[in-house]
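A.B. asks: The residues making up each chain are set out below.
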Amino acid sequence: MSKIIDASGLSCPQPVLMTLDAIKSGSDGELEVIVDNEASRENVVRAAESKGWNVFDIKDDDENTRIFIRKG
Amino acid sequence: MAKNFFSTRVGIIVVGAVIGILAAALQKLGNPGNMGICVACFERDIAGAIGLHRAGVVQYVRPEIIGFVLGSLVAAYSFKEFKPRCGSAPMVRFVLGVFAMIGALVFLGCPWRAVLRLAGGDLNAVLGILGLGFGVWIGVMFLKNGYNLGRSQSTHAGAGWMLPLVMLGLLVLMLIYPQVPEKAKSGVLFYSLKGPGAMHAPLLISLVVGLGIGFLAQRSRFCTMGALRDLILFGQTHLLSGFLSLLIFACIANVALGQFQLGFTGQPVAHNLHLWNFLGMALAGLAFALAGGCPGRQLFLAGEGDTDASVFVLGMIAGAAFAHNFGLASSPKGLGPHGIAAVIVGFAVCLFIGFAMKKRIAA
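Just so you know, the sequences run in chain order X and G.
In this text, residue positions in the first sequence follow UniProt numbering: the first is 1, and each later residue adds one.
In this text, residue positions in the second sequence follow UniProt numbering: the first is 1, and each later residue adds one.
To be clear, the hints were calculated from the coordinates, so they are not data collected in a lab.
The structure displayed is predicted, hence computed values, not measured ones.
The beta carbon of each residue, even a glycine, is placed where N, CA and C say it ideally should be.
Wrong hints could be hidden among the right ones.
What the hints assert, rightly or not - The calculated DMTMM-like cross-link candidates involving lysine to aspartate or glutamate, where the alpha carbons are at most 20 Å apart (straight line), are: (1) LYS3(X) to ASP57(X); (2) LYS51(X) to ASP62(X); (3) LYS3(G) to ASP57(X); (4) LYS80(G) to GLU30(X); (5) LYS80(G) to GLU63(X); (6) LYS59(X) to GLU42(X); (7) LYS71(X) to ASP57(X); (8) LYS59(X) to GLU32(X); (9) LYS51(X) to ASP21(X); (10) LYS3(G) to GLU49(X); (11) LYS59(X) to GLU81(G); (12) LYS3(X) to GLU30(X); (13) LYS3(G) to GLU42(X); (14) LYS80(G) to ASP61(X); (15) LYS24(X) to ASP6(X); (16) LYS144(G) to ASP61(X); (17) LYS3(G) to ASP60(X); (18) LYS83(G) to GLU30(X); (19) LYS71(X) to GLU32(X); (20) LYS3(G) to GLU30(X); (21) LYS59(X) to GLU30(X).
Claimed, not checked - Chain G regions said to be covered by chain X (calculated; three or more residues, Cβ under 8 Å): (22) 79-90; (23) 152-158; (24) 227-233.
I would like the entire structure built from these sequences, with the hints used as guidance.
C.D. replies: Here's what the structure looks like:
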């Protein structure tokens, strides 16, 4: 079960900060990050990839985007 | 979904280059010196044009600003990114906008103009950019300690249309009451007869350039404050590459157009009080960092339906009125009579906001 980070309604840099905090806090499994705008989606993906994590799935619904990342 | 080219490294460099070249061209076509584009100055000119302040030399409805918002709106709709949202501490954002403008007018320019001033050879801008970095650094300290303005919520599409409609309204007013030579007023609008407000590129060109930049900046998330913030906060250079691209290409364009003049003195719409160039921009940088975007980015966010960013924009326009009515704004002659007091009050307010807004977000 992956840890869920709900960054919906937040704009940069909060979603990235929350994602990096979770990565730093020793999460070595998978993370699911929920964002609700494209800029945040791009920023979270960019930040995760810079830390050597891979995006293995992205799911969009009407309101939110769920980004699934795991350690590469 | 197709990858957004403008969100790539090459994309943001292209956008920075386009903005730099167009800014230099706008100056050639009539905009004030080293002010091809200045979001703060241009919002201040709009405040003057509608009579919120009566500084006769800075009154003109700048079509670039209208274009920024509407261009972003078009881009947001074209790519299904129009997301009307509201409710992330709008009152705080208004106050941050007020002091961002006051700080910018002590320096005489927003981050965009700081870069364009440097690109034109104005070395005073170095102090401004260092100050911007210092202000953003303070903001980053707050961000690291949990500062945030809380979540926004989705709202009616009509709410997201409010600032774009205001901009459309300003454009309509300009068409109903166009500038009349030698007249300081046309209908309800004020038009400067001299000074920076009297210097402008043709309306249609300014508007089209504004629309183009608004479109590209929405796609690329171009942000001058974010460039420094992401570098300090995450060590990321993505937005910074757009910022540097703007500097380099504006500089090349200025040299090519014969607009480059190196030095501290005799620079257009500038003073050389180093400490206040630094501190004015530091205040603006702190306010932008706490509000999550430079003044340009706030306009682009407003075009995407972010009404909290719209409130920040209104704060900046109100701040311009305060700055000129209270004698806070600098001029080429030096500081306004109450500029120093305003910077001190501004720092006190922004630090209070930084310390006070630390509500925990439940993950």
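A.B. asks: If a hint holds in the structure, say so; if it doesn't, say that too.
C.D. replies: Tested hints:
For the suggested pair LYS3(X) and ASP57(X), the alpha carbons sit about 15 Å apart, so the restraint of at most 20 Å is met. At most 20 Å may separate the alpha-carbon atoms for a hinted pair to count; LYS51(X) and ASP62(X) exceed this at roughly 29 Å. Pair hint LYS3(G) plus ASP57(X) holds up; C-alpha atoms about 15 Å apart against a cutoff of 20 Å. Restraint check for LYS80(G) and GLU30(X): the C-alpha separation of about 29 Å exceeds 20 Å, so the hint is violated.
Proposed proximity of LYS80(G) and GLU63(X) is supported: the alpha carbons are some 12 Å apart, at most 20 Å. Between the alpha carbons of LYS59(X) and GLU42(X) the distance comes to roughly 14 Å, so the proposed pair stays at or under 20 Å and holds. Restraint check for LYS71(X) and ASP57(X): the C-alpha separation of about 13 Å stays at or below 20 Å, so the hint holds. Taking the CA atoms of LYS59(X) and GLU32(X), the gap is near 10 Å; set against the 20 Å cutoff, the hint holds.
At roughly 12 Å between alpha-carbon atoms, LYS51(X) and ASP21(X) fall within 20 Å of each other, so this suggested pair holds. Under the criterion of a C-alpha separation no larger than 20 Å, the hint pairing LYS3(G) with GLU49(X) is consistent with the structure, at around 16 Å. At roughly 16 Å between alpha-carbon atoms, LYS59(X) and GLU81(G) fall within 20 Å of each other, so this suggested pair holds. Restraint check for LYS3(X) and GLU30(X): the C-alpha separation of about 7 Å stays at or below 20 Å, so the hint holds.
The straight-line distance between the Cα atoms of LYS3(G) and GLU42(X) is roughly 10 Å, inside the 20 Å bound, and the hint therefore holds. Proposed proximity of LYS80(G) and ASP61(X) is supported: the alpha carbons are some 13 Å apart, at most 20 Å. Restraint check for LYS24(X) and ASP6(X): satisfied, since their Cα atoms lie roughly 17 Å apart, inside the 20 Å limit. With a C-alpha separation of about 31 Å, the suggested pairing of LYS144(G) with ASP61(X) is violated against the 20 Å cut-off.
Of the supplied pair hints, the one linking LYS3(G) and ASP60(X) holds, its CA atoms being roughly 15 Å apart against a limit of 20 Å. Proximity of LYS83(G) to GLU30(X) is assessed by CA-CA distance (about 28 Å); at most 20 Å being required, the pair is judged violated. The straight-line distance between the Cα atoms of LYS71(X) and GLU32(X) is roughly 12 Å, inside the 20 Å bound, and the hint therefore holds. Between LYS3(G) and GLU30(X) the CA atoms are separated by roughly 24 Å; this puts the pair beyond 20 Å, and the hint is violated.
Between LYS59(X) and GLU30(X), the direct Cα distance comes to roughly 15 Å. Compliance with the 20 Å bound is thereby established for this hinted pair. For a cut-off of 8 Å, the count of residues in the stretch 79-90 of chain G with a CB near a CB of chain X stands at 5, and the three-residue condition holds. Requiring three or more residues with a Cβ within less than 8 Å of a Cβ of chain X, the coverage given for the stretch 152-158 of chain G holds, as 3 such residues are present. Requiring three or more residues with a Cβ within less than 8 Å of a Cβ of chain X, the coverage given for the stretch 227-233 of chain G holds, as 3 such residues are present.
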